[in-house]
Amino acid sequence: EPEVTQTPSHQVTQMGQEVILRCVPISNHLYFYWYRQILGQKVEFLVSFYNNEISEKSEIFDDQFSVERPDGSNFTLKIRSTKLEDSAMYFCASTLLGGHGANVLTFGAGSRLTVL
Amino acid sequence: GENVEQHPSTLSVQEGDSAVIKCTYSDSASNYFPWYKQELGKGPQLIIDIRSNVGEKKDQRIAVTLNKTAKHFSLHITETQPEDSAVYFCAASNTDKLIFGTGTRLQVFP
Chain A
1 EPEVTQTPSH
11 QVTQMGQEVI
21 LRCVPISNHL
31 YFYWYRQILG
41 QKVEFLVSFY
51 NNEISEKSEI
61 FDDQFSVERP
71 DGSNFTLKIR
81 STKLEDSAMY
91 FCASTLLGGH
101 GANVLTFGAG
111 SRLTVL
Chain B
117 GENVEQHPST
127 LSVQEGDSAV
137 IKCTYSDSAS
147 NYFPWYKQEL
157 GKGPQLIIDI
167 RSNVGEKKDQ
177 RIAVTLNKTA
187 KHFSLHITET
197 QPEDSAVYFC
207 AASNTDKLIF
217 GTGTRLQVFP
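Residue numbers (this note's numbering), protein chains in the order written: chain A, 1 to 116; chain B, 117 to 226.
Warning: the hint list may mix true and false statements.
As the list claims (entries may be wrong) - Only pairs whose alpha carbons sit at most 35 Å apart, straight line, appear in this in silico DSBU-like list of lysine-lysine:
#, chain 1, residue 1, chain 2, residue 2
1, B, K153, A, K78
2, A, K42, B, K138
3, B, K153, B, K138
4, A, K57, B, K173
5, B, K184, B, K153
Rather than coming from a laboratory, the hints here were simulated on the basis of the structure.
Use the sequences and the hints to build the structure in full.
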């Protein structure tokens, strides 16, 4: 069964450092997402991406965050200057068809970010 | 914006019993309601979903019901097994963005 793969599985960084989380969505999917989950809390939407541009973003996704699809397979989330409160599990997801009503999202296993 | 409430936060059942998890949503425009199961150290996995033109959907031991008027939907798991133990999240959407509930930790005791 096709999978969304994420790397690294765990990253520890110092406050103020830049972090890049990487995702390889399912190959024929067109819509890509990042969600995050602070320990013990619910999964929160960060950003959706389609046709090489952001289609929607949450208030969490401020100027410190950016996303990129640098080639035909990778989808990255960059945090420019990490803060303690960025510590969370970050999930990448993809779907073939986006739009109204959403469609089945396939999530990766997540990247745990710990900011010290 | 949409807000999804989920209850209970924890649920313990004996193997073979049924489990019910309930969610309410606020945005009447929401029309897609998936349920995800999250096992320790893994990402959420879709187990069942329902769209607003359907009142009930069943897949083997799991079923979901939707009451659009009351804006609530429920997950029902029958004949629970220890491998059903996980955190379950409901979600609601009418766009690309899923709004998740706060999660229910289900423990099934043998």
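Pair hint B:K153 and A:K78, alpha-carbon separation not exceeding 35 Å: OK: B:K153 and A:K78 at ~27 Å, within 35 Å.
Given pair status - B:K138, B:K153, alpha carbons within 35 Å: Roughly 14 Å separates the two Cα atoms, so the pair holds.
Measure nothing beyond the straight line between the CA atoms of A:K42 and B:K138; if it is 35 Å or shorter, mark the hint as holding. Measuring from Cα to Cα gives roughly 15 Å; hence the hint holds.
Would you mind confirming whether the straight-line C-alpha gap from A:K57 to B:K173 stays at or under 35 Å? holds (31 Å)
For the pair supplied as a hint, B:K184 and B:K153, is the alpha-carbon distance within the 35 Å limit? Measuring from Cα to Cα gives roughly 23 Å; hence the hint holds.
The structure meets every hint from the earlier list without exception.
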